[in-house]
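J.: As given, the protein sequences belong to chains W and D, one line each in that order. The opening position of the first sequence corresponds to residue 1 in the UniProt record's numbering, with each subsequent residue numbered one higher. The opening position of the second sequence corresponds to residue 1 in the UniProt record's numbering, with each subsequent residue numbered one higher.
These aren't lab readings, by the way, just hints derived from the structure by calculation. These numbers come from a predicted model, not from an experiment. The C-beta atom is built at its ideal place from N, Cα and C for all residues, glycine as well. There is no bait here: all hints are sound.
Not everything, but these chain D residues come out facing chain W in the computed CB check (under 8 Å):
no., residue
1, T52
2, V113
3, P140
4, I143
5, E151
6, P248
7, Y269
One-sided excerpt, in silico: chain D residues whose CB lies under 7 Å from chain W:
no., residue
8, N31
9, I45
10, P48
11, S66
12, P147
13, T201
14, L226
15, M292
16, T296
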Amino acid sequence: MSVPTLARPAKKLPRAFYLMVLPAFALFLVFHTVPVLTGIYYSFTNYAGYGEWSFIGLSNYINLFRDERILNAYGFTFLFAIVSTIAVNIIALSVAMALNSRIKFKTGFRGIFFIPNILSILIVGYVFNYLFSNSVPAIAEALGINALTSSILAGEDTAWIGVVILSVWQAAAFNIIIYLAGLQTIPGELYEAASLDGASAWKQFSTITFPLIGAFFTINMVLSLKNFLQVFDQIISLTGGGPGTSTESISVLIYRGGFQGGEYGYQTANAVIYLFVIIAISFIQLRILQRREASF
Amino acid sequence: MTATAQSSERRVLNDGGRDHSAHRPDRRQINWWLTALVAVLSLTIFIPLYFTVVTALKTPDELGGSGFGLPGAPAWGNFAEAWTLTDFPRALLNSAMITVGAVLLTLLTNSMVAYAIARNMHRKLFKGLYFYFIAALFVPFPIIMLPVVKETALFGLDNQLGLILLYTVYGLSFNIFVYVAYIRSIPMELEEAAITDGASTWTVFWKVIFPLLGPMNATVGILTCLWAWNDFMLPLVILSDPSAQTLPLAQFIFQGQFNTNYPVAFASYLMAMAPLLLVYLFAQRWVISGVMRGSTK
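Next comes chain W alone, as it looks inside the complex:
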């Protein structure tokens, strides 16, 4: 009975299916793929964003690797992204496990920990900026902690820590919820059985919890690192890239140089390198993490 009805649409596809995807494809092509391609095209020119330009071959790419400011931006962005990714995953997994255990007011706490994710990073950044530059030093002075009496945002070596704190505060909210979703897929009986067997808390974590949320760990690690490598709002609201250029991230540099510095062509070359870096890292990360997942 159902065989002929199944076979018919398989032979001739209703035109409606093509019409459903066509506008989206066209718009995606125009607003995503074409910009990527024009970006790559301009990366071989000396275009300033206005006026005349000419092809200069690979000069932009060669100059990138000699540019102190670019290398500095990559150094800062990677240091920041790696530290933040590790911190946010440790914190989020710990909080999620606490929220998944036998505590009171579970839903209430869950709702509270998600709040940072519904707030604008830029605006929260302005609040943190004030806290770091005025409140923390004032408290440190009252308590006699000399190391913190001057704003951490004012020091070239410490400003990045402020960026990490804000970013982790904000990103933990989302990761907690993802981990919580993962933890809830683990049947409670597994833990009961393990505790009857006398397995320690750490043993339960390493043999039950962690292996069973492997997929969620992979998602969180890949997405956190990818998002942190694109850090922008946090920098604008906390440090503006300073002091000096010590916290200038790649995104901030592309924005500044490309729009305000007359380095349109040069910064698109930077963006192309950046694209390859992000793709390479995402794939390496996925391979390592998935292999580890499979080995359990």
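Following the hints, position chain D against chain W.
T.: Then chain D, alone, in the frame of chain W:
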């Protein structure tokens, strides 16, 4: 592997011995120490919020010190000043318009594209399209930032409408990913029944499939709403007319004018954060379950 096998064996044994549950740790027993620890941790969320509220209600003279003290008499005038300085109603209207527009357009179009792809994944064209959209997840925004600004300016889309369109188009990558997974879990029988009744593909989608997408629509809607409302980078680079400013962008633009008067700045921040916070207060459970659903797909 062996651990799982052992424990399932154990579970079978346990199920037989319900009456001996006294030996097991009581499931209902509340861990109060952990509850207290979580409560202390949740202060990290409340402290910046508390700080924003008290600072917004102070006079400039009351600043200084740690800043955590309560204001003498609440300086409500800060809000009035921030309201006019940043042209709050206009920014609010822009943010609301862009967010609502982006959410509606995303739900209506992205689900439709995902439906066509999900039901034709065995065809090269649609499968190719699927990976074409998904691949964009790995493309960082800065690479398209400079060219897309020129493009939107050229098309006259350097305004609220342009942003709505861009959120809808850029959201495709992730949304298709979750929608397709969800649609493929919907049995074909319903559609086949409708088709034999003579319904067109359009009718099948709007009358049969779209109503079934409720939970996924909620997830995609929530994530799009949070993104469009809080986004700073796209409005910063795309919008050219100051009267099109969104709430986060307005905070950035007026930063210079705030510099001398922190309480007014904080009043402005609070007003910009308040609308979504209020919505969240009432829709909290729904928002979180929506986000969780997206992550397990």
